[in-house]
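**Student:** Chain order of the listed sequences is E and W. Read in order, the letters of the first sequence correspond to residues 1 to 385 in the numbering used here. Read in order, the letters of the second sequence correspond to residues 386 to 770 in the numbering used here.
It should be emphasised that the hints constitute simulated quantities derived from the structure, not laboratory data. As the structure is a computational prediction, the values presented were derived from the model and not from experiment. Just so you know, even glycine gets a beta-carbon here, dropped at the ideal spot from N, CA and C. Wrong hints could be hidden among the right ones.
[To be verified] Computed cross-link-like contacts, BS3-like style, restricted to lysine-lysine with a CA-CA straight-line distance of at most 30 Å:
| no. | chain 1 | residue 1 | chain 2 | residue 2 |
| --- | --- | --- | --- | --- |
| 1 | W | 605 | W | 745 |
| 2 | W | 511 | E | 220 |
| 3 | E | 28 | W | 511 |
| 4 | W | 745 | W | 505 |
| 5 | E | 11 | W | 511 |
[As the list claims (entries may be wrong)] Computed footprint of chain E on chain W, listed as stretches where at least three residues anywhere in the stretch have a Cβ under 8 Å from a Cβ of chain E:
| no. | segment |
| --- | --- |
| 6 | 412-426 |
| 7 | 500-506 |
Protein chains: 2
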Amino acid sequence: MNNFTYHNPTKIIFGEGTIATISHEIPKDARILMTFGGGSIKENGIYEQVKNALKAFTLFEFGGIEANPQYSTLMKAVDLCRTENISFILAVGGGSVLDGSKFIATAVFFEGEPWDILEKNAKTSKFVPLAAVLTLPATGSEMNGFAVISRKETGQKLAFGRPPFTNPKFSMLDPAVTKTLSPRQRGNGVVDAFIHTTEQYMTFPSNSPVQDRYAEALLKTLIEVGPVYFTEPENMEAAKNLMWAATMALNGIISCGVPVDWATHSIGHELTVLQGIDHGRTLAIVWPGMMRVMRDTKREKLLQFACRVWGITDGTDDEKIDTAIAKTEEFFHSVGVPTRLSDYQLGKEVIGKVVENLKKNGFTALGEKRLVTPEKVEEILLDRL
Amino acid sequence: MNNFTYHNPTKIIFGEGTIATISHEIPKDARILMTFGGGSIKENGIYEQVKNALKAFTLFEFGGIEANPQYSTLMKAVDLCRTENISFILAVGGGSVLDGSKFIATAVFFEGEPWDILEKNAKTSKFVPLAAVLTLPATGSEMNGFAVISRKETGQKLAFGRPPFTNPKFSMLDPAVTKTLSPRQRGNGVVDAFIHTTEQYMTFPSNSPVQDRYAEALLKTLIEVGPVYFTEPENMEAAKNLMWAATMALNGIISCGVPVDWATHSIGHELTVLQGIDHGRTLAIVWPGMMRVMRDTKREKLLQFACRVWGITDGTDDEKIDTAIAKTEEFFHSVGVPTRLSDYQLGKEVIGKVVENLKKNGFTALGEKRLVTPEKVEEILLDRL
Numbered sequence: 001m002n003n004f005t006y007h008n009p010t011k012i013i014f015g016e017g018t019i020a021t022i023s024h025e026i027p028k029d030a031r032i033l034m035t036f037g038g039g040s041i042k043e044n045g046i047y048e049q050v051k052n053a054l055k056a057f058t059l060f061e062f063g064g065i066e067a068n069p070q071y072s073t074l075m076k077a078v079d080l081c082r083t084e085n086i087s088f089i090l091a092v093g094g095g096s097v098l099d100g101s102k103f104i105a106t107a108v109f110f111e112g113e114p115w116d117i118l119e120k121n122a123k124t125s126k127f128v129p130l131a132a133v134l135t136l137p138a139t140g141s142e143m144n145g146f147a148v149i150s151r152k153e154t155g156q157k158l159a160f161g162r163p164p165f166t167n168p169k170f171s172m173l174d175p176a177v178t179k180t181l182s183p184r185q186r187g188n189g190v191v192d193a194f195i196h197t198t199e200q201y202m203t204f205p206s207n208s209p210v211q212d213r214y215a216e217a218l219l220k221t222l223i224e225v226g227p228v229y230f231t232e233p234e235n236m237e238a239a240k241n242l243m244w245a246a247t248m249a250l251n252g253i254i255s256c257g258v259p260v261d262w263a264t265h266s267i268g269h270e271l272t273v274l275q276g277i278d279h280g281r282t283l284a285i286v287w288p289g290m291m292r293v294m295r296d297t298k299r300e301k302l303l304q305f306a307c308r309v310w311g312i313t314d315g316t317d318d319e320k321i322d323t324a325i326a327k328t329e330e331f332f333h334s335v336g337v338p339t340r341l342s343d344y345q346l347g348k349e350v351i352g353k354v355v356e357n358l359k360k361n362g363f364t365a366l367g368e369k370r371l372v373t374p375e376k377v378e379e380i381l382l383d384r385l
Numbered sequence: 386m387n388n389f390t391y392h393n394p395t396k397i398i399f400g401e402g403t404i405a406t407i408s409h410e411i412p413k414d415a416r417i418l419m420t421f422g423g424g425s426i427k428e429n430g431i432y433e434q435v436k437n438a439l440k441a442f443t444l445f446e447f448g449g450i451e452a453n454p455q456y457s458t459l460m461k462a463v464d465l466c467r468t469e470n471i472s473f474i475l476a477v478g479g480g481s482v483l484d485g486s487k488f489i490a491t492a493v494f495f496e497g498e499p500w501d502i503l504e505k506n507a508k509t510s511k512f513v514p515l516a517a518v519l520t521l522p523a524t525g526s527e528m529n530g531f532a533v534i535s536r537k538e539t540g541q542k543l544a545f546g547r548p549p550f551t552n553p554k555f556s557m558l559d560p561a562v563t564k565t566l567s568p569r570q571r572g573n574g575v576v577d578a579f580i581h582t583t584e585q586y587m588t589f590p591s592n593s594p595v596q597d598r599y600a601e602a603l604l605k606t607l608i609e610v611g612p613v614y615f616t617e618p619e620n621m622e623a624a625k626n627l628m629w630a631a632t633m634a635l636n637g638i639i640s641c642g643v644p645v646d647w648a649t650h651s652i653g654h655e656l657t658v659l660q661g662i663d664h665g666r667t668l669a670i671v672w673p674g675m676m677r678v679m680r681d682t683k684r685e686k687l688l689q690f691a692c693r694v695w696g697i698t699d700g701t702d703d704e705k706i707d708t709a710i711a712k713t714e715e716f717f718h719s720v721g722v723p724t725r726l727s728d729y730q731l732g733k734e735v736i737g738k739v740v741e742n743l744k745k746n747g748f749t750a751l752g753e754k755r756l757v758t759p760e761k762v763e764e765i766l767l768d769r770l
């Protein structure tokens, strides 16, 4: 285990009916900007719930934060924050709204071009406090200080974080919000949480048994609960466990002191930028190829995954690995998520573009050992035709 | 899973050589009170390390906080804080020093008799910020807001907490500090962490698969690493994993939304008060009896424990449970911790006294279902002769 620092001050308020208590958590004199997405919260009642709970506050609204939140959109919210002296941001949404709001909270007091925060890791020193009402379990953004922001004009999708300042002060996790999610949103969320876990687990052994077993705990739970959550929107026990597993998958606990990968995410981001494929769905395409092509550097962890997560004990080592990858693909299919480029009518032609974009963004040596070169990316995606 | 709130702002700084960085974490103008125990930190070099790291600060010292920290001792430190306008408490020690310091931090600004904080859960509103340099992995106090304080004069040992205000702002976890611990301190720490985990796990099923598997992850790690840590003081890999497991065992994550027990602790506390037996050692005495006597209310979790933690698959259900309890006792023995009253030359005569004390302190219906009555306590301790 390597040395590490862990600091996660986000307060989690978990359970059905918790949204009504939100006013207790925000300073009385706050000028609140409520951020949200495409308006689904107006259809499912969450918008009304939040507005009712915040009647006593000065409340502004900024809707229209899209999936893969766009820099140009977020900068409009930054202007609004500056004009209206916003002192608290309440993000009501899924990972995109939360990520976008973290960027808004960071950009408001930034002097200069805020894109530099993403592209040049520019120094930041003052932040608008923010909090979240989660409406879609998937990204884990509700309990960490990180975000991914996109810029259509330049074809970029970049990550940043300023924890603990960009951690939500609190996050309301009410499993009832999942009742109105589409099957597609559910399936994507399950896969996203699963791959978040493997990015921090499927690397090489570092003698970190707590972190390994915590990761395996999440993977097993997602495999067990994911298909139930996918098919039974009214099953609140499944929703609770899925929601909590997704939060735990990216709150930093399982990555304390261990090597991390994130190559599947980097490649997936390019598929989203180039082809508009949902984030979770890009991961399901890339992951099986990543495991197959990088099997030698990941061999010990792949065997551990096969044995401890899938209970596979028969066959040669390579057979065990192949079976574990195949079972994982079946699991993705069981929550309605396809795993091949051809499922999106894409062929070889896209591969060169992905590799080009990665190079352009400086991602030429990805993964826990920096061994995922452009050549490997090509090999990985050829496996996914 | 029940509704819950989780908020743990303690910053963990983990790794060898981290103590030297402590000055970065404390406000420059702080008037620091460094609290410690019987002086072992002066022998093992930690005292010097901390003093060197804090040269630039106004530093006061308060040594002599004993195991099972005593109210009368702590009140002397409270006086010192008041006289010297202390603005930051740095606890350098194990669970007793940390717990004692949490009480000091709470009592300084309390108007009235501070024992009321413990006995009457008196309202508190202002706290001295505190932080910790952990010297003995065991109690988990380094990442929670709770403490247990004793009062010899009245024969009481009571718990309190005011999280997040009594959470350490930061805790330095340097595994190298364990090198000079005695075998007895090591063994006690392993058992303490193990029982902290079972208190939050060995209850009844609540459909909380993440929490269950996290608890099992800790138990399996302690079983695997504990004996190595016990016998190899120079093995820093074992020390790291033991230290991290002990912290995770009581930082609140595994108890989110699940029923908890704590009856073994309540009974153990009385054995400490009456007989002066080390805290961890009292737990090893009580636990096997608790599991045997309460096996019906804990049956499903005991079977899950037998299967998932010990890999027991043969025999009837009761045989599986008996084997799991026997194996756990063997594990306690493997880290040098005895498990019977007779190991301390105690017989039946102590049982009545424990039961009397529990009644006097109002603990007449313990455990996750309040079914551990005085009669059950007697039965449990009769099993432990």
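**Student:** Now tell me if each hint is right for this structure.
**Tutor:** Verification of the supplied hints:
no.: 1; hint: W:605 <-> W:745; result: violated, 37 Å
no.: 2; hint: W:511 <-> E:220; result: violated, 43 Å
no.: 3; hint: E:28 <-> W:511; result: holds, 20 Å
no.: 4; hint: W:745 <-> W:505; result: holds, 15 Å
no.: 5; hint: E:11 <-> W:511; result: holds, 20 Å
no.: 6; hint: 412-426; result: violated (count 0)
no.: 7; hint: 500-506; result: violated (count 0)
Violated hints, in rising order: 1, 2, 6, 7; the structure is consistent with all others.
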